[in-house]
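Please build the complex by placing chains B and C on the supplied structure of chain A, with the hints as guidance.
Chains as they are written, first to last, in our numbering: chain A, 1 to 257; chain B, 258 to 492; chain C, 493 to 741.
Derived from the structure by calculation, the hints contain no laboratory data.
A quick note: this is a predicted structure, and the numbers were derived from the prediction, not measured.
Backbone N, C-alpha and C fix where the C-beta goes; we use that ideal spot for every residue, glycine too.
Take the hints with a grain of salt, since some may be wrong.
[Claimed, not checked] Among the chain B residues that face chain A by a calculated CB cut under 10 Å, a handful are:
1) 457
2) 462
3) 479
[Stated by the list, open to error] Covered stretches of chain A, going by a simulated chain B footprint (3 or more residues, C-beta under 8 Å):
4) 47-54
5) 206-212
6) 232-239
7) 242-252
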Amino acid sequence: MSRIFAVSKYIFRQSFRNRIMNVLIIFAVFAALFSLAVSELAQEAEVKMVVDFSLFAIELFAFLTVVLSMTIQIFEETELKTLMLVMVKPIKRSEYMLGKYAGVILTVLMNAAIMTAVMMIIIRLKGGDPWDIKILAAVSFSYLGICVLAAVALLLSTVSTTVPSWVIYITLVYALGHLTVHLKNLVDSSAGEAVRVVVDFIYYIVPNLELFNLNDKINAAAGLFAPGYLLLVLGYAALYITVSLTAACFIFDEKEF
Amino acid sequence: MPPLKRTIFYFVINAAFALMCVMNFFATKELKSSEPKWYFLSAHSYTKFSQIAAVSFGYRALLADAEYINMLQYYGSSKAAGGAHKDLLSYINAITDAEPDFTFAYTYGAAILAFNLKRYDEAVEVIKKGISYNPTFWKLRFYLGAIIYSRKGDTLKLTGLLEQAAGFSDHPAVVDRMLGNIYEVSKTPDFAARYWLKLLKTTNDTETKKYSAERLKLIIAAGKIKSPALILNNL
Amino acid sequence: METVIEVKKATKIYRPLDFWKNDRTTGIENVDLAVYRGEVFGLLGLNGAGKTTLMKVLLGLLKPTSGEVAILGGTTNDIAVRSRIGYLPELPYFPKYLKVKEVLEYFADIFGIPRGAQRKKIGDILETVKLSDKADSRVGGLSKGMQGRLGLAQAILNEPDLLFLDEPMSGLDPLGYKETRDIIIDIHKQGKTIFFNSHILGEVEKVCDRVSVMHRSHLIDIQPLSAIMEKYGSLEKYFVGTVTEGAKI
Numbered sequence: 001m002s003r004i005f006a007v008s009k010y011i012f013r014q015s016f017r018n019r020i021m022n023v024l025i026i027f028a029v030f031a032a033l034f035s036l037a038v039s040e041l042a043q044e045a046e047v048k049m050v051v052d053f054s055l056f057a058i059e060l061f062a063f064l065t066v067v068l069s070m071t072i073q074i075f076e077e078t079e080l081k082t083l084m085l086v087m088v089k090p091i092k093r094s095e096y097m098l099g100k101y102a103g104v105i106l107t108v109l110m111n112a113a114i115m116t117a118v119m120m121i122i123i124r125l126k127g128g129d130p131w132d133i134k135i136l137a138a139v140s141f142s143y144l145g146i147c148v149l150a151a152v153a154l155l156l157s158t159v160s161t162t163v164p165s166w167v168i169y170i171t172l173v174y175a176l177g178h179l180t181v182h183l184k185n186l187v188d189s190s191a192g193e194a195v196r197v198v199v200d201f202i203y204y205i206v207p208n209l210e211l212f213n214l215n216d217k218i219n220a221a222a223g224l225f226a227p228g229y230l231l232l233v234l235g236y237a238a239l240y241i242t243v244s245l246t247a248a249c250f251i252f253d254e255k256e257f
Numbered sequence: 258m259p260p261l262k263r264t265i266f267y268f269v270i271n272a273a274f275a276l277m278c279v280m281n282f283f284a285t286k287e288l289k290s291s292e293p294k295w296y297f298l299s300a301h302s303y304t305k306f307s308q309i310a311a312v313s314f315g316y317r318a319l320l321a322d323a324e325y326i327n328m329l330q331y332y333g334s335s336k337a338a339g340g341a342h343k344d345l346l347s348y349i350n351a352i353t354d355a356e357p358d359f360t361f362a363y364t365y366g367a368a369i370l371a372f373n374l375k376r377y378d379e380a381v382e383v384i385k386k387g388i389s390y391n392p393t394f395w396k397l398r399f400y401l402g403a404i405i406y407s408r409k410g411d412t413l414k415l416t417g418l419l420e421q422a423a424g425f426s427d428h429p430a431v432v433d434r435m436l437g438n439i440y441e442v443s444k445t446p447d448f449a450a451r452y453w454l455k456l457l458k459t460t461n462d463t464e465t466k467k468y469s470a471e472r473l474k475l476i477i478a479a480g481k482i483k484s485p486a487l488i489l490n491n492l
Numbered sequence: 493m494e495t496v497i498e499v500k501k502a503t504k505i506y507r508p509l510d511f512w513k514n515d516r517t518t519g520i521e522n523v524d525l526a527v528y529r530g531e532v533f534g535l536l537g538l539n540g541a542g543k544t545t546l547m548k549v550l551l552g553l554l555k556p557t558s559g560e561v562a563i564l565g566g567t568t569n570d571i572a573v574r575s576r577i578g579y580l581p582e583l584p585y586f587p588k589y590l591k592v593k594e595v596l597e598y599f600a601d602i603f604g605i606p607r608g609a610q611r612k613k614i615g616d617i618l619e620t621v622k623l624s625d626k627a628d629s630r631v632g633g634l635s636k637g638m639q640g641r642l643g644l645a646q647a648i649l650n651e652p653d654l655l656f657l658d659e660p661m662s663g664l665d666p667l668g669y670k671e672t673r674d675i676i677i678d679i680h681k682q683g684k685t686i687f688f689n690s691h692i693l694g695e696v697e698k699v700c701d702r703v704s705v706m707h708r709s710h711l712i713d714i715q716p717l718s719a720i721m722e723k724y725g726s727l728e729k730y731f732v733g734t735v736t737e738g739a740k741i
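Pulled out of the complex, with its shape left as it was, chain A reads as follows:
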């Protein structure tokens, strides 16, 4: 456990020292500029726009944080061969993997928390309710979705050998993850057997990120904020993370340096 913690602390420090947190400054400037512009343009729907924009930006910047942090790690490990030094030390490869995962999601958590605080301040200034449970639920589930994505990112990093190929894979997963429900819906109503099998395969393998998307439902009068649904998604996320991390550890265990 202490070894996992050591690795996660290292990853966290790495993100910090590599100025990944600059993403936050960009976010704060963006959010401030946007809310200024919106007060000119949006008139009566100001608060809604600030909320929509912030939720979208938080998810996007959280995703970027994962990409940046992992890019630095993969680059260090493959190009600079820092991994060799660690692998001969008394640490299990699975411990190293889990430490890395914890480090990445902690970095994202800190980023997301600060961005959420900025959003809440702006909402308050615009006269909205910053403690609206729906907004907080939407942010939390965005973060949960990013945690799932980070697990996939780690799995992909064990199979891809270069940084660019990894970036392409993870971006593809991000887009497909939002699309799978729609693809499934499309083929379920009108498609041949072969296409359906392929789409079903994608639907069950790729993380279903649309389940975590509460950003678009903030205004819905009823629906997805029911505890039953949220629990189901929570369980799905937990299992997805477990399975992908296990697979990542398995592949990583067989790796040579």
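Same frame as chain A, now just chains B and C:
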């Protein structure tokens, strides 16, 4: 790993994967049942590229906001006013196509169509679309009533409904202005002036502020008020 | 004498880089080797002879295609074994943004050195490798030689029983040679075993007890240094002779 332990491990991981698939299935089902049909891409929904992109990356609400700003720009431009805002309905539909939960877009759109432009049929169309997507949002039916009374010219009933609407925290500012205009005709000049003064002080909407100040000046200039000094002092 | 490294018929064939090609390369082939407790064992060879491959196989970074490798009576898959070895790769790289102290803290955490003991331990090690005044500097600001010494510091942090050094002199200046050599001799005096790769023959000559030569993936000869000096007079003569001889194989 010893063989038995390995077998158990594989079993557990496969079971976890299977359970994950089942959960995915049921969560999607829940998503489908709690959301209207438009939520999913199909041959009939989301025909614009911008909409497909928004759906793909999960930013429908943001797209709706952009469309809302488009609509405001169109409504505010003098060129559109020259053409009597004839495309306003399609601008409103663009918002609600992107995010059918955006209830304020229906009430706002319907209110300007009905009360400012007197295009009652289009206003009713907007409200009906809103009701079909948000059947539990009762305020839409309320606005529907107001529009119908307005068309019939039943000022008394219309006033009653608008006064209640003005009590909702999320009512469009056009309701306040409509109410003031009715008061100018149906109540005493003093009553109307007091209403405009209160609105001027309480509203957050810049356009409404400007409008109520203008109305106040006109009423005072007409010289029908018993004690204009009282209101001027309050300004 | 106790054997700390025992290799039997170890072969490593690298998988082809692209699966559709059939360009397997052999790293090492049929290597037999035994290293005993307390000795300094030097591995010589030309570039590409397979020295680094052999070392990585010993460390468990590469898995042998066939044959057996035993380290300290076990295998490097065992964490307990790994906690007793140290490794300095050739031209080690450390993240530029970390401080020297932080690099060592990270490895100390992994070694499970308790927090309370870390400060003193790291201080001592930095003293040994003459980096005490750089403890709070970023790695990015260190010279190549200093980075090499930091590499040595992380390798001896856990007071290993068995130390692997891969080209420890590469990139160093003559003064660096001497400092590194002194550290190696010092560790040797503590009764530790050292296995090292080099093609700087002068250095090998100064510290090694036994010398082996690797050529074209094969370990072609192992001799005590004293026997070599007796027979050939200098390590260079022996090495050139052995490699030329080996070329005929």
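Coverage of the region 47-54 of chain A by chain B (three or more Cβ within 8 Å): holds (count 4)
Per-stretch coverage check for the region 242-252 of chain A, three Cβ contacts closer than 8 Å to chain B: holds (count 3)
Okay, the region 232-239 of chain A and chain B, do three or more residues pass the C-beta test at under 8 Å? holds (count 5)
Could you check if residue 457 of chain B really has its C-beta closer than 10 Å to a C-beta on chain A? Not OK, violated: residue 457 of chain B not within 10 Å of chain A, min 17 Å.
Against chain A, is residue 462 of chain B within 10 Å by beta-carbon distance? holds, 6 Å
Just to make sure I understand the rule, a stretch counts as covered if three or more of its residues have a C-beta closer than 8 Å to a C-beta of the chain. Does the region 206-212 of chain A meet that for chain B? holds (count 4)
Does the nearest C-beta of chain A fall within a distance shorter than 10 Å of the C-beta of residue 479 of chain B? Nearest chain A Cβ about 30 Å off; hint violated.
In the structure shown, a violation is registered for the earlier hints numbered 1 and 3, in ascending order.
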